[in-house]
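These protein sequence lines are chains A and B, in that order.
No gaps in the numbering here: position 30 of the first sequence is 30 in my numbering, and each next residue is one more.
No gaps in the numbering here: position 231 of the second sequence is 231 in my numbering, and each next residue is one more.
These aren't lab readings, by the way, just hints derived from the structure by calculation.
Check the hints yourself; a few may be wrong.
[As the list claims (entries may be wrong)] No more than 20 Å apart at the CA atoms, straight line, and that leaves these computed lysine to aspartate or glutamate pairs for EDC-like:
1) B/Lys123 with A/Asp61
2) A/Lys397 with A/Asp308
3) A/Lys144 with A/Asp343
4) B/Lys123 with A/Asp264
5) A/Lys304 with A/Asp264
6) A/Lys100 with B/Asp255
7) B/Lys123 with A/Glu286
8) A/Lys340 with A/Glu143
9) A/Lys253 with A/Asp272
10) A/Lys397 with A/Glu286
11) A/Lys167 with A/Glu97
12) A/Lys363 with A/Glu394
13) A/Lys73 with A/Asp61
14) A/Lys210 with B/Glu96
15) A/Lys210 with A/Asp264
[Stated by the list, open to error] Simulated restraints, written as ranges between beta carbons of each label pair:
16) B/Met1 with A/Thr331: 23 to 29 Å
17) A/Lys210 with B/Leu277: 55 to 61 Å
18) B/Pro258 with A/Glu286: 53 to 59 Å
19) A/Gln211 with B/Arg284: 51 to 57 Å
20) A/Lys100 with B/Asn104: 53 to 59 Å
21) B/Arg151 with A/Gly71: 26 to 32 Å
Cβ coordinates follow ideal geometry from the N, Cα and C atoms, glycine included.
What follows is the residue order along each chain.
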Amino acid sequence: MNRTRREFLAGTAGAMALPLLTGSGFAQSEGTLRIGALNPVTGAGGPYGEGMQKMILAAADAVNAAGGAAGRKIEIFAEDTQTDPQAAVLAAKKLIEVNKVQAVLGTWSSGVSLAVVPLTNDAGIMLMNTSGAPALSVPPANEKGLSYRFQATNDRFGRAFAEIAEKEGFKRPATMAFNNASGIGNTEGFKKAWEAKGGEIVSSVVYEPKQTSYSSELMQILAAQPDVIVMGSYVGDTTIILREWYQAGQPAKWIIPGWAANSDLVAALGPDVVEGIISVDSVSNEEAAAYTEYDKAYQAAMGKPGSDNVYAAMTWDMMTVLALAVEAAGTTDMAKVNEKMHDVANPDGTTVSSFAEGKEALKSGPINYEGASSVLDFDAYGDVTPDFSASVIEDGKINRHYVVKI
Amino acid sequence: MLAYLIFALTIGGIYALLALSLNLIWGGIGLVNLGLVGFFALGAYASALLTGAGLPVLFGWGGAIIVGAIAGLIVTLATTRLRDDYLAIVTLGLAEVIRLVALNERWLTNGSDGISGIQAPLKSALGNQGFNIFYLVLVSAVVLVVWLVLRRLDRSPYGRAMKAIREDQELAGFAGKNVLGFKVQAFAVSAAIAGLAGALYAHFQSYVSPDHFQPLITIYIFLAVAAGGVGRPAGGVLGAYVVVFFLELTRFLPDLVPALAPAQFAACREILVGVALILVLRFRPQGLLPEQILPAPKS
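If we strip away everything but chain A, and leave its shape as in the complex, we get:
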């Protein structure tokens, strides 16, 4: 008994000594700009997290290759959120206190972003996220103006849905939402905008994830005889709902977010079922030079086209625009850098599409970075305001019809 306890104590002492040893491993190298990459490498965000992290690293490499920002090289410290707010908070605390990072980039789900933002606010550093929840725009989450969102809010998607529904001449919309911040944000945003136009919603349901059938929810919606059904959904549940709707045989039109009404959906259901569905997406910047560079980096790192992971394009932009703001401020004092974020991303200035280009252009005047994920203009809340495209599925092809501004 005694012997084993002594062994145990020795083991614990050894374990306690480990962080002291590793302490020398991350010896604080003076002169670098320390940035935290906090991405969902495991958990529900797993399919995106690795790409997001690698694009932060790749964008930092591009900055360093161009001589660094404000004369400083960038050093990335990576942690995994596990797509879990509790784990993410500890990871963020480690980045902030141990690695002394000056900004945290790339939180993905809304729950994680909302959990991490009090820590970054306390530390007075920026948090850049790809989450949809409207709560991230306003206090208490964004009380210091240090939170930046690179994804269109779900609320904005909803407003775009309302514009499109009006343009298409629908009169009796109904809504169906997947029960999470994103799904409900879509349909609530639609409801607000639609009712502001004097319209009325005939029926709405919120459904639980991971069911094998949604027929009771669907029947409830169809009973109200809507002319269009507006969705806040994902591919899996949308597939089931549309199949059941097609079998029911009652005519209706659909407005579905682009991440659900995509080529996977067409492949799963066949062209007949999805004919005429309106797919709404934020206009990514596929024509832009920044996108080409991002695509090249993503191919090199992941062996897949950049269009595979919209969030990776956002993290690429995060690193690039942050480095440009540092360069514009001429210092790594984050309060001053934060003031420059809007200046380097928003219009009025030479249009640039990479850090190297922006660094050169900053010598002669203001710049406007046009990103890979969107044109990347921040509003007063630190949110991007992309345009939205309405595409219609015709003969199994998703054809863009027009673009709406909101």
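Chain B: place on chain A using the hints.
Then chain B, alone, in the frame of chain A:
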């Protein structure tokens, strides 16, 4: 580094409270409560909502204890005939029910957006660093008090009666012990401790959402109690700190193994946790601090 250690130790303390709660019910009286995280969530939400309605923080914590205890009472009274695996399944379901209610009753809990801006007591007076130290001291003190109380309980005739029920319920009943009474009381106290842990957590993080209360927490606490020693309060406490320490320690391993990319390492961390559990169960199934059965005092 210091601020990070303080933070991790505070989380460790909250896990230690959960481990004490689980040890009382699982190690003490032999009921498997897979719904621990549900009571944790109830406490967190109760305190967040009460203080959000303008009540002082201490009322919130008191409220969390009461809500936890009531929920514990309801669960035991509703499941008096269930034991072992059946009870485990019911409690697992209960935790999911609580999480889904938090997700769906948007008028009360703000749904998946969660409740942010929960009062952090004395934070404005103490500043960030001061608050973190204050909270570590507070949580550690609560752990100490709860541990002392449960240790006293463990060594008292009451504790022996609980363990008798754990070992053989029929025999304990035959010996004149009120089996149901003991179970109800133990479950209520255990749930109240979990509720208090939830309240402490909510005011530390100032944000709670349904995502915070995934079944994974319950698994971590089972891991902590199993590694620390089932049936001994000190074992659970030690186990909880060891689990948090281990989880955090693995973050620093990439510095030692530079060959692994950060993304690969994130996956390896999860493997390490599983391997550690297997090793503990293989080589020290009784836990780091095994249960002590003291002889009853001669009277």
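In rising order, the numbers of the hints this structure does not comply with: Result: hints 1, 4, 7, 11, 12, 17, 18, 19, 20 and 21 break, sorted rising.
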